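Engineer: Each chain, written out:
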Amino acid sequence: MTDLPMEDAITRAERAEQRGYLLLFLPALLLVGLFLGLPLGLLAFQSLREGDAFSLVHYARIFEEPIYWRTYADTLRVSLWVTLLAIALGFPLAYAAAIASRGWSTLILALVMLPFWTSVLVRTYAWLVVLQRKGIVNSTLIALGIIEQPLSLSHNYTAVLIGMVHVMVPFMVFPLYAAISKIPAELLQAGHSLGGGAFHVFRRVLLPLALPGLFAGSVLVFILCLGFYLTPELLGGGKTIMVSSLVQRNVELYLQFGAASAVAMMLLMIVMLIFWGVDRILPVEKIVGMR
Amino acid sequence: MTQSNFVPVRLQDITKSYHDFQALKGVSLDIAAGEFVSILGPSGSGKTTLLQIIGGFTRPSAGRVFFGDADVTLLPPQKRDIGVVFQNYALFPHLSVAENIAFPLRARKTPPERIQQRVARALRSVDLAGYGDRPIANLSGGQRQRVALARAIVFEPRLILMDEPLSALDKNLREAMQMELRSLHAELGATIIYVTHDQREALTMSDRVAVMKAGRIVQIDTPRGLYSRPVNDFVADFVGESTLVPVERVGVRAVRLGSAVLGCPRDLAPGQLCIALQAETLLLCGDEPAEPGTNCLEGTVGEIVFQGESLKASLALQGGAEIAIRIPSHHFNARALPASGSQVRVKLHVEDTVVVPVTA
Numbered sequence: 001m002t003d004l005p006m007e008d009a010i011t012r013a014e015r016a017e018q019r020g021y022l023l024l025f026l027p028a029l030l031l032v033g034l035f036l037g038l039p040l041g042l043l044a045f046q047s048l049r050e051g052d053a054f055s056l057v058h059y060a061r062i063f064e065e066p067i068y069w070r071t072y073a074d075t076l077r078v079s080l081w082v083t084l085l086a087i088a089l090g091f092p093l094a095y096a097a098a099i100a101s102r103g104w105s106t107l108i109l110a111l112v113m114l115p116f117w118t119s120v121l122v123r124t125y126a127w128l129v130v131l132q133r134k135g136i137v138n139s140t141l142i143a144l145g146i147i148e149q150p151l152s153l154s155h156n157y158t159a160v161l162i163g164m165v166h167v168m169v170p171f172m173v174f175p176l177y178a179a180i181s182k183i184p185a186e187l188l189q190a191g192h193s194l195g196g197g198a199f200h201v202f203r204r205v206l207l208p209l210a211l212p213g214l215f216a217g218s219v220l221v222f223i224l225c226l227g228f229y230l231t232p233e234l235l236g237g238g239k240t241i242m243v244s245s246l247v248q249r250n251v252e253l254y255l256q257f258g259a260a261s262a263v264a265m266m267l268l269m270i271v272m273l274i275f276w277g278v279d280r281i282l283p284v285e286k287i288v289g290m291r
Numbered sequence: 001m002t003q004s005n006f007v008p009v010r011l012q013d014i015t016k017s018y019h020d021f022q023a024l025k026g027v028s029l030d031i032a033a034g035e036f037v038s039i040l041g042p043s044g045s046g047k048t049t050l051l052q053i054i055g056g057f058t059r060p061s062a063g064r065v066f067f068g069d070a071d072v073t074l075l076p077p078q079k080r081d082i083g084v085v086f087q088n089y090a091l092f093p094h095l096s097v098a099e100n101i102a103f104p105l106r107a108r109k110t111p112p113e114r115i116q117q118r119v120a121r122a123l124r125s126v127d128l129a130g131y132g133d134r135p136i137a138n139l140s141g142g143q144r145q146r147v148a149l150a151r152a153i154v155f156e157p158r159l160i161l162m163d164e165p166l167s168a169l170d171k172n173l174r175e176a177m178q179m180e181l182r183s184l185h186a187e188l189g190a191t192i193i194y195v196t197h198d199q200r201e202a203l204t205m206s207d208r209v210a211v212m213k214a215g216r217i218v219q220i221d222t223p224r225g226l227y228s229r230p231v232n233d234f235v236a237d238f239v240g241e242s243t244l245v246p247v248e249r250v251g252v253r254a255v256r257l258g259s260a261v262l263g264c265p266r267d268l269a270p271g272q273l274c275i276a277l278q279a280e281t282l283l284l285c286g287d288e289p290a291e292p293g294t295n296c297l298e299g300t301v302g303e304i305v306f307q308g309e310s311l312k313a314s315l316a317l318q319g320g321a322e323i324a325i326r327i328p329s330h331h332f333n334a335r336a337l338p339a340s341g342s343q344v345r346v347k348l349h350v351e352d353t354v355v356v357p358v359t360a
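Order-wise, the sequence lines are chains A and B.
Mapping of the first sequence onto the numbering used here: residues 1 to 291, in sequence order.
Mapping of the second sequence onto the numbering used here: residues 1 to 360, in sequence order.
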C-alpha cells in the first residue's frame, strides 16, 4: 500500500500530459468548428427553409427538374473522365520521378509543381488563348499539314477536360509518387528475374503496390473536380454546366439562397455516398495498412 | 528435381565503368554446373556489381556472360531463368506465401494445376508445408528466407544467385540456414553463385570462393586452399582471424620474425613478405625443445578476454608486434592459462605457417 501515492502521482502526470495535448488540439478544433462546421450547419438549415417554414421543396426540385439532375450527372461524368486522364498522364510521371536519380526526380517534381505557382484563372485564360480557333495548337497543326480546318478546341467539353486535367495532374502525381517511391527497387528486379516481362511486373507488382497512392490520388482528384467552377465556366462556353455553376446561378441570377443551399448540400451528400461506397469495396485502412 | 536445368557459367573479361569509376576491371570466372561458388569481398569490391551483371539487371561495359554455351550478355533478366535470392528477400508484400512462390510459374504461363503441385513441392523442400496461405507480413525472418528460396528454385532455373541472403538473420539462425543451403545445394545439384562479405559463411558453404578486391578477383580457390595458401596479404587478412606481421627472408623456405626463424611449407614468393598469424593455429607450449615441423614464437601475454567458446589473449612478440591467440575455454585448459604479463611460448605447425607477399 505504500506505493499508492506514487501510482496517484503517475496518473496525475498522465492526465496533465493529456490536457496538454488537448490544448494543442484546440485551435484546430475551433477553426474547423467555426469556419466549417457552423457554415455547413447554416447551409443545411437554409436548404430546408421555404419562406418562414421548413420544407423539402428545394430538394424536390432537384429531382423534378431535368436541368438539375442532368447537371449532377454531367458533373460526375466530367470528374470521372478527368480522374482517368489524370491517372493516365500522372502514373508515368510519378513512376519516372520515383525511379530517376535525385537530380532528375527533383526536376520532374518541380515541373509538376510549377503550375501550382500560377493562379487557376491565369492558367484557364492561357488555355483559352492556346486552344482558340487561331491559337497555337490549331495554327501548328495546320502549318504541319495534319489538318486543314481548325479544330474546335475551346468553348466545349474537350476544352473543359483539358483545362481541368491540367489543374488536377499534380494532385494525382504526388500521392502516386509517394507510394511508388516507397516500393523497394528489388521487388521490381525480383519480378523480372523471376521471369516477369514488363507488363506482368507492372500488373502484378507495381500496380498493386502503388494502389494506395492511386486510390488517394483518384479520390482527391475526383472530389476536387466535383466542385470545379472557374475552369468549366470559362472554357466550356456555357455548354458544360457543373453543379457549382448551378449554385452560382441560383444565388446571383435568381437570389434563391434556399435552392442554392439545397444544390450544394446534395453535392456534399453525393460525395459522402461515394466515399462510403468506395470504402465498402476497397477498405481504406486495408489499403493504407498494407505493407 | 527430375531433370536438372543447371548450367555452367562463364564470365569473360567483364568490365563495368560508371563515369570515371571502374567498378569491375576485367573479371573472368568459370563455374561448373552444380558448383557452389561464393564471391567474397569487402563493400566496394565490385561483388554486387558482378552479381547485377550476371542477373541481367546491369549491362557490363565490356565482356561477356555465358550460361552453358549460350551468350546471355544482352538478355534481360526475365529471359535468363535465374533464381535470385535478394538481400532483403524482395518478397511481394501484397501476395501470400503460395502466390509469391507461384509468381515465376504464372509469369511462364504454367497451367494452374501444375502450379499448385510445384508450389506445394517447393514449400515442402524448404520445410514450410502448410504455410501457403499466410501473408508475408506474418512470417519470421527465417521463414521469409525460406520462401525466397522456394520462389527461386520452384521454376527449375538454370542458375541460383544469392546476394547476402542471410545477413538479416541472427547468428544462430544464420548458421542453421548455412547448413540447410549446403544440403539444398547437394540435393538440387544447383549451380549457385553466392555473394557475401562474411568469410566464414563463404568457407562454410562453397565449393570454391572467389575473393574480390577493387574490381578484380584476387584469388579463386577451395575454402581450404584459400585459408592455407592465400596468394597475398589482402586475402590472408580477409580470410580467417589473422594478424599480419612483416618478416625477413632468410632462406628459400625460411623467414625471421624477431629472433625466431620460422620454416615455411612452400618456396617463398619474391618481394616483401609478411606472415599471417592466425589466432587459432597458435598453441601455447612449454619450454621443451621444438619438435621437427614446429615453429616457435615467444611473447608477453597482454589482455585475456573470455568470449564464450574460447578465450582470446593478446600476445606482444619480441620486436613489438601484437598478435592474438585463441585458447579453448574448457576446464582442461583452466590450469594452464597464462597470467597477464607472463612470458610464454607458442608453437605453430610448419603447414600452418602462412607467409605471403605484401602487395602495395
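Hints are computed from structural coordinates only; laboratory data are not their basis.
Only a predicted model underlies this, so the values are computations on that prediction, with no experimental measurement involved.
From the three backbone atoms N, C-alpha and C, an ideal C-beta is built for every residue, glycine too.
Take these hints with a grain of salt, some might be off.
[Unchecked claim] Not everything, but these chain B residues come out facing chain A in the computed CB check (under 10 angstroms):
hint	residue
1	R59
2	T73
3	P76
4	R106
5	A107
6	Y131
7	A152
8	P157
9	L161
10	V218
11	G293
12	C296
13	F306
14	F332
[Said to hold, decoys possible] In silico lysine to any residue, SDA-like type, Cα no more than 25 angstroms apart, as pairs:
hint	chain 1	residue 1	chain 2	residue 2
15	B	K79	A	F199
16	B	K79	A	V137
17	B	K79	A	L207
Engineer: So, for every hint listed, does it hold in this structure?
Structural biologist: So, going through the hints one by one against the coordinates:
{"no.": "1", "hint": "R59", "in the structure": "violated (14 angstroms)"}
{"no.": "2", "hint": "T73", "in the structure": "violated (16 angstroms)"}
{"no.": "3", "hint": "P76", "in the structure": "holds (7 angstroms)"}
{"no.": "4", "hint": "R106", "in the structure": "holds (7 angstroms)"}
{"no.": "5", "hint": "A107", "in the structure": "holds (4 angstroms)"}
{"no.": "6", "hint": "Y131", "in the structure": "violated (18 angstroms)"}
{"no.": "7", "hint": "A152", "in the structure": "holds (8 angstroms)"}
{"no.": "8", "hint": "P157", "in the structure": "holds (9 angstroms)"}
{"no.": "9", "hint": "L161", "in the structure": "holds (8 angstroms)"}
{"no.": "10", "hint": "V218", "in the structure": "violated (28 angstroms)"}
{"no.": "11", "hint": "G293", "in the structure": "violated (51 angstroms)"}
{"no.": "12", "hint": "C296", "in the structure": "violated (52 angstroms)"}
{"no.": "13", "hint": "F306", "in the structure": "violated (40 angstroms)"}
{"no.": "14", "hint": "F332", "in the structure": "violated (49 angstroms)"}
{"no.": "15", "hint": "B:K79 <-> A:F199", "in the structure": "holds (14 angstroms)"}
{"no.": "16", "hint": "B:K79 <-> A:V137", "in the structure": "violated (44 angstroms)"}
{"no.": "17", "hint": "B:K79 <-> A:L207", "in the structure": "holds (22 angstroms)"}
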